[in-house]
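Quick mapping for you: the protein sequence lines, in order, are chains A and B.
Under the numbering used here, think of the first position of the first sequence as 1, with each following residue one higher.
Under the numbering used here, think of the first position of the second sequence as 1001, with each following residue one higher.
FYI, nobody ran anything at the bench for these hints, they're computed from the structure.
You may find that some hints are simply not true.
[Claimed, not checked] When the alpha-carbon atoms are kept at most 16 Å apart in a straight line, the in silico EDC-like pairs for lysine to aspartate or glutamate are as follows:
(1) A:320 with B:1264
(2) A:320 with B:1015
(3) A:108 with A:130
(4) B:1061 with A:12
(5) B:1061 with A:6
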Amino acid sequence: MPTIAELFRTMEYGPAPESPGPAEAWLEAHGRRFGHFVGGAWTDPADDRLFESRCPADDTLLAHVSQGTPDEVSHAVATARSAFPEWSQLDGHERARHLYALARGVQKHARLFAVLESMDNGKPIRESRDLDIPLVARHFYHHAGWAQVLDREFPGRPPLGVAAQVIPWNFPLLMMAWKVAPALAAGNTVVLKPAEHTPLTALLFAELALESGLPAGVLNVVTGDGRTGEALVSHPEVDKVAFTGSTEVGRRIREATAGSGKALSLELGGKSPFLVYEDADLDSVVEGVVDAIWFNQGQVCCAGSRILVQEGVAEALERKLRARMETLRMGHPLDKAVDMGAIVAPVQLERIEALVEEGRREGARIWQPAWATPEEGLFYPPTLCTDVAPAGTLARVEIFGPVVAMMTFRTPDESVALANNTRYGLAASVWTEDVNLALDIAPRIKAGTVWVNCTNLFDAASGFGGYRESGFGREGGREGMEEYLGVQRDPEAEAVPRTGSRIGDALVGSAGSGPERDGGRPFPGDRSPDANGSEQGVDRTVKLLIGGRQRRPDGDQGLVVTNPDGVPVGVVSRGNRKDVRNAVEAARKAAVGWQEAPAHLRAQILYYLAENIALRRNELGDRLSQHTGVAADWAHREVDLSIRRLFDYAAWADKWEGRVHETPFRNVTLAMHEPVGVLGMVAPPDAPLLGLVSIVAPALAVGNTVVAIPSERYPLVTGDLIQLVETSDLPPGAVNLVTGRPDEVVPTLADHDDVDGIWYFGGDEALARDVELRSTGNLKRCWVDRDAERRWISSVEGSGHRFLRAATQVKNIWVPYGA
Amino acid sequence: MPDTRERTSGWGRVDIRAPTDPPGRNPGMPLDLDRVGAIHLNRSAVERRATTLGTRRSVKKEWQAAWLLRALTLMDLTTLSGDDTPGTVRRLCAKARNPLSPDLLDGLKVRELAPQVAAVCVYHPFVRSALEALEGSDIPVAAVSTAFPHGLAPLSTRLAEIQASVEAGAREIDVVITRMHVLTGDWQALYDEVRAFREACGEAHLKTILATGELATLTNVARASAVCMMAGADFIKTSTGKESENATLPVGLAMVRQIRAYAERTGYRVGFKPAGGIRAARDALTWLILMKEELGDGWLAPELFRFGASSLLADLERQLEHHVTGRYSAFHRHPMA
Chain A
1 MPTIAELFRT
11 MEYGPAPESP
21 GPAEAWLEAH
31 GRRFGHFVGG
41 AWTDPADDRL
51 FESRCPADDT
61 LLAHVSQGTP
71 DEVSHAVATA
81 RSAFPEWSQL
91 DGHERARHLY
101 ALARGVQKHA
111 RLFAVLESMD
121 NGKPIRESRD
131 LDIPLVARHF
141 YHHAGWAQVL
151 DREFPGRPPL
161 GVAAQVIPWN
171 FPLLMMAWKV
181 APALAAGNTV
191 VLKPAEHTPL
201 TALLFAELAL
211 ESGLPAGVLN
221 VVTGDGRTGE
231 ALVSHPEVDK
241 VAFTGSTEVG
251 RRIREATAGS
261 GKALSLELGG
271 KSPFLVYEDA
281 DLDSVVEGVV
291 DAIWFNQGQV
301 CCAGSRILVQ
311 EGVAEALERK
321 LRARMETLRM
331 GHPLDKAVDM
341 GAIVAPVQLE
351 RIEALVEEGR
361 REGARIWQPA
371 WATPEEGLFY
381 PPTLCTDVAP
391 AGTLARVEIF
401 GPVVAMMTFR
411 TPDESVALAN
421 NTRYGLAASV
431 WTEDVNLALD
441 IAPRIKAGTV
451 WVNCTNLFDA
461 ASGFGGYRES
471 GFGREGGREG
481 MEEYLGVQRD
491 PEAEAVPRTG
501 SRIGDALVGS
511 AGSGPERDGG
521 RPFPGDRSPD
531 ANGSEQGVDR
541 TVKLLIGGRQ
551 RRPDGDQGLV
561 VTNPDGVPVG
571 VVSRGNRKDV
581 RNAVEAARKA
591 AVGWQEAPAH
601 LRAQILYYLA
611 ENIALRRNEL
621 GDRLSQHTGV
631 AADWAHREVD
641 LSIRRLFDYA
651 AWADKWEGRV
661 HETPFRNVTL
671 AMHEPVGVLG
681 MVAPPDAPLL
691 GLVSIVAPAL
701 AVGNTVVAIP
711 SERYPLVTGD
721 LIQLVETSDL
731 PPGAVNLVTG
741 RPDEVVPTLA
751 DHDDVDGIWY
761 FGGDEALARD
771 VELRSTGNLK
781 RCWVDRDAER
791 RWISSVEGSG
801 HRFLRAATQV
811 KNIWVPYGA
Chain B
1001 MPDTRERTSG
1011 WGRVDIRAPT
1021 DPPGRNPGMP
1031 LDLDRVGAIH
1041 LNRSAVERRA
1051 TTLGTRRSVK
1061 KEWQAAWLLR
1071 ALTLMDLTTL
1081 SGDDTPGTVR
1091 RLCAKARNPL
1101 SPDLLDGLKV
1111 RELAPQVAAV
1121 CVYHPFVRSA
1131 LEALEGSDIP
1141 VAAVSTAFPH
1151 GLAPLSTRLA
1161 EIQASVEAGA
1171 REIDVVITRM
1181 HVLTGDWQAL
1191 YDEVRAFREA
1201 CGEAHLKTIL
1211 ATGELATLTN
1221 VARASAVCMM
1231 AGADFIKTST
1241 GKESENATLP
1251 VGLAMVRQIR
1261 AYAERTGYRV
1271 GFKPAGGIRA
1281 ARDALTWLIL
1291 MKEELGDGWL
1301 APELFRFGAS
1311 SLLADLERQL
1321 EHHVTGRYSA
1331 FHRHPMA
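Next up, chain B with everything else stripped away, as it sits in the complex (with noise of 0.2 Å):
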């Protein structure tokens, strides 16, 4: 095989699946319209190939064991409701720290990687409660802010938000851009809100929600992708969970595609999250497959890749014993979150 790891300026020069170490985090690079412009998407191939990623792969026994528990740390665990108070979210915590029973760790034999999950994602009015509840450990807290879910209010007041999050201790901020930039093709204004959140978020890393459910066509997402990491976005993630379609495959190639040209592009690698929908183990089998036929193994990391669920957990667990025991399980044989 020849040497592909060439690094020229072009899109697409960059192998992104070698092992190099990661080169940091997301700069961002000016704002290319060129590119954004250039972007379109088949909406029917897209699908064809969503459809027929869970067809083509199956990953069954251990393997199947292994890859629960992959994306079991790779869940940012979540409570976004209105009536969450400091003692869900403590709850929450406990749950994020030891999500898995002892008894399940030792049927697996995987008591030593002693999995968590990724982060714990909150409204910003809970960021101490779950810092406290989860001090000790390194489990990052996430605030969504912005005006979350609809992102509308006052830049100024977006920008504060994040910068009380940060000040209280996130280190990673969720916001959500304003959908209607990307359905005016107001590609620059897109651009310049998210430079100022990531401005905002100083050290904390920025997620940017898509709320791609309300952004109408592929090509869409995947222009408003190219724009958020050129703004330097350090995840791309698809949904609030508070729209009416959530993360769906065909979304995530859009996506996902984007990253890679991006990665290939610039050398840096931005994160990807999927969120809203995804309950059962059967779908996180079926995005870690998305994400390492599209990206590579490298993606299927904490780092870059993320989940955005609440009960997915729950199901991972009645999974994981079915593994054990061979029984299938029930949901009150596990401790809720």
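Extracted from the complex, chain A is given alone in its bound form (with noise of 0.2 Å):
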């Protein structure tokens, strides 16, 4: 122990521990061997099936947890399923009253969850205590309120039953919260695995809960590595899986409930970019810098692991970097006075070496402070990586560790075009004073959540998810409730009307019924064009509408539609692959005009969209009850339906507003709703009118662009859809019609990565699950629909925010400010 006088002289930090007793005293008081926490009571822990939970700061052993097996889970879901009713049925205040309890508790025993978390995880104890845990509890504290507004905020939207919720071991007892605050406060039940490295604090919350007063089976927890995960979300009882990890396994999750009607949102892996400006304040920057990767460790999802500065002051912040890293202190996770503790587990340590060692080949150039890590535990000291190239290693791939990798930018345009130069879409930050420019870069960077001048700032009051490959659903604010909600039904609503089996047998595009042209012989419409399109025979060809133009098909074919009497009334265009991929390309290059066109400008278009269909209302009304055997004034009504659709998404295309979020900083957080990008549209078979407008009319009207593939069994509707979308204003691709066999068009769609999202209405189930399954490409955000019984007359079924929703994303943008 050095003297006073000596400590006098050299003015070091000394330890400063925080004691590990409360967590021990918990630990022993399980004997250290944990079961799993099921219907409020632990299961035995079978000693054959057991595993270790260590301080990865020092390699002692906390506690033995158990591998949960099928039987297991099952057991858990089971339970879970026989709590539902009950809590589903509570009152929205009284669950109100169960999540405040679980709140104060959670503030009640703050510093044992914080002392447990940063020895089961290896984080500071200073971020334990002042950043997780408080957020933990005003988690819960924000979603008491939305249990007790839940009927007036959500009217009419039943809970979804059981989630099943997987989460990882950056943020332990957070991720917990994000995911179990909401789905209780909706009024579903809950089974939840932790992640294997770190399982304690989510067995001592529910142990907590069940004190608490929390009715035994709403919440329970069962531990083990990713086969418990996975036998948990391919569980069938299962109506909601929630899961927050890799890419890589959220890839598997969606191919897992392809096809099952699961409820699905996704949490996954970032690369996220940090943007500095010349006019930045940089000494704010390099703090920034310290919070956005050196925070955590680097384990966090969000981390600004790209930092992309501007050329004229790279030098110097780089310099600024250099000297920070110096000062930074990285040890025992329960000392008080470190910026920086463990890596969570050997394989995790490895891994950033392994990357690091690959930046380094490449040609990165590695700064390191000079300082030593700790020579016991699993440390990686902080490291900053220049001359990285966008194709290097360390400026694609997630590290998930300390690394930052450096690259300059010339203008704010570049800015832009680097930061999206990845896969993912999670978050970013943007520093500069300038509020033009900050305002300017924040809508235009693909991410969930835009930080300017600050980053990884948390509430529960705002949502927080990703685009692209961050995946999809958003956890926090109203817009995280969302995704614990199940749908409005109208049962008063008239169902449409269907013309049987015998409409569907005498559609042609199904194999085999019909005949099929090849490629050489020319259509029977360019020999005989009939603009007025008589009905008599063959006669018409309806084309495919790509980037504003009618296109024949590549393949040069086309399939023969019969009416419900066996009578051929017209051909349509075989679409092929290359045609779905002309229609996307056209449709990505009209995305970015049509979403900075104002919203008035959208809704116009689609006013003049409908008053183009008032005026021919007779003749399609006619001719869709020719071409489906529908009765005339239902065809007619049908047309009226969709003028007032089309009225409804014009009415909301500058109302569909964002929100100023109620975060607890000095701060405006703006929720802003952004379109989703280029949706694919796969329309209902039944009413091929109204139900392709139903669709398409909410995407156009939030700024996307669309590839529709119009119903399956009525296409010919898309000669109408073509000559009225021609004469609309709209601009070249912001639609795009292509006709086909669904089990050739729809799959090129499903896996088209640069198709954002995909909305399948097509009733096939084996094509749904297709999509699905394809889907997991880009991990396009998927809206199969599943309702065959869904009423599209119906305002409440058929329309509102619910397709609006699906047509956005929101994206949270904080902007602190100060003079």
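Join the two chains, each given in its own frame, into one complex according to the hints.
What follows is the structure, given as structure tokens:
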């Protein structure tokens, strides 16, 4: 022990240990052996299926935890299922009381939670004490509020049922809160699987929840590794799956749940840009980088791991960063005076080391501070990588460690291009003192959260989640509640009339029925064009609408369409892969202009479309009736309803507004509604005009461009639609229409990596599953409608917020202020 | 590690943490208006850093005792009351020479350090009394000057005041700048004023008080800091202690980051003095953490860092006694100043 006189001269920091006492006592009280927490009781830990949870800073054994088996998972799901009716029917206020008790419980045991979290995960006690645990409490407070006002804020929206939630190890308790709080507030029951590296705080929470009066079975915790998680998410009795973790595992979950009808939200990886413009407060930028990439050892999904800095200040920033790295302190996570703790597990440390080594081989310069990392335990020093090319490993791969790559840009446009040059889209940080620049850049970055002059700020009132391959769905705020609520029904409304199987049989386009034309012969329509559409005999050919022009299909083939009586009434194009590709290209080209068009303009164009339909009401109705075999009065009503629906979305175009979230900072948190981008859409088979209009109009209203595949059964409506679109002032490529065999065109659309979302209303179970499976390539947002009974007539079921939500992503832009 | 100790002409090239000999007293430099205009501080970001300074670090046990002792030696023990008399000043000086009782020094095993405060700070009329009371010690006397605390007397009057205090024997002069120059962005006027103060000081060291509580924005604070240093200030100081808002950590960050930038550009190290409102030992620790983190250990010395405080000393004594006895102490147990 140095003397005070010596310390007076050196002015060192000494050790400042937080006592592990309370956490050790809790572990000891459980004999350091844990079963699962199911139905308000511990299961017996089976000796042969225990795994260890260790402190990564000193390798001490904390406890043995159970590896959940499929049977145990089933038991937990069944328990949650049996608790569901009572919990979901509880008055919102009653649920609010429970959630409030959970919030208070977290606060009362804050120190115990914080210490246990730091021991299990390796994160500095300062972070678990000052950030993780207070945010956990905040989440339960906020969601107690949602439970309280649920019936008024989300009228008619039922809970989904049993939620299966799989969470990561980087913020164990906080991720649990993000999942559990909204699920319980909405009236769902939960089976949660914490990460195998960090299961302890979730177990503690479940135990304390029961003590606080939460009914048994409402929250169940099953521990284990990926196998347990797989059993949980694929369990047939699960209604909702929520996952936070790697993009790789997210894809597997998307696959495992494809075709199951489970609601799904995924919060996945990121390679988030951290943009520094030349007028930024560079000293504050440096602290921003500390918070962005050296927070939680960089094991943060939204870590600012790519610094993009304007060339003029790059040298200064690099110098400042290197100096700052020297003063970071690393050590045991229970030391109150460290900035960085331990890496969670050996496998992660090895991964970080390997990736940095790869970067070094590729020519990157690697900067690390002069100080040595602790000899014992799993530590990796803060690392700054320069001379990194956009193609380099360090610029592309999510490292999930304290490693940041730095690149330069010249202009704001180039900064956006580099920022978006990634498959991910979780978060971004923008540093400039110029409000014009900040508000120009923030909307152009593809990310669910944009922090202006700050980074890694979180709050329960603000939704968090990704664009692109960072996943879909939001956690927190109003947008997060949506993920745990079902749809409002309108049982009074009429169903869309169907003309029965004879119509389905009579339709061409399903395999084997109706003659196909080979490419060598011209279309009938080319021989005897009849613009007025005489319905006698085969006399019309409907082309494709791609990029604002009518196009022959690439394969030069048509499909003959017959009416319900078996009489051929027209030919539609048989689009193929290349036609889909061309349509997506056209939609992509149109996307930026359409998104940036003022909502007022988009509304006017939708009104104009409605106007044009109204002009041709009788003609359209007659032809619908002839093609589909429904009674003329219904067909005319379908036209009228389509006009009404276009009016709906013209109206909403400038009213589907974002919000300003009430986050507890001196800060404006703007929840902006942004279009998903390019949407692929497969129209419902019935009501070919109303069905298509009902899905395309909301997409257009909020700024998406669309590649739509019209009704499989009644594709001839495409001809009228093309004319309507052509005369509507829609910019070329905003709407593209591709007819064809669903099994040929839909998979291409679902596969396409430049399609951001796909809505499948085609009604074919096998194809629906296929769409979900194929969507995993770029993790496009899927809306696969399995509601065969959807009443398109109803303004509740066939229109409204649900459609607008699916056409929108919420981007939260945090703008702190202060002169 | 590469050698980062290059020195070139641009801002920020000098490694201020490198263990080189201090290059001496800041001579100032021509006013660089481009540089001043380029300074923008982001208040929210600075405040976030300020908030976590004290939560990211924790100094306990022997380390805490040593740090509190260091804080004591960095104090400008101050009395600036309208009712000061030679008697109260002499009592303050006695305390400055022997801030800790022999019992306490023995308890801490630091008798050989013979800790003294860094300076005694008084109004001009008491410079002579203080000098007499401090005779035989090497504790300098600092005088507040230039129509303290408002600073709005004619320039000639203010310069004469400085000269009078220097002639009376003050080795340090704490002056207050004209806030109007900052609030109207008249950097040339501020520069000229501080230049004149510096010349009037001669060999005495010049501490420029920004009165940050009246400068409205952190950007103003930072720009004023830069201009004062360019004009040759030896120290920049936050407050007179008479404004409604005293030394705050965000203001401290704004100022020390300018000190860093100035040192990186010129190689000259300018001192920092937070003043006003620092009463608790715990606050002193946080300020030391700020200095250590932002500027390095070199700035934990009386040549480069001072606390302007009066009641802080009593709390330091209490906390040090607690360290020795394990019992919480009381103010009346320690000799008053």
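Hints versus structure:
1. A:320 with B:1264: Holds - the C-alpha atoms of residue 1264 (chain B) and residue 320 (chain A) are around 11 Å apart, at most 16 Å.
2. A:320 with B:1015: Holds, at roughly 10 Å.
3. A:108 with A:130: It holds: about 14 Å lies between the C-alpha atoms, which stays within 16 Å.
4. B:1061 with A:12: holds (12 Å)
5. B:1061 with A:6: holds (14 Å)
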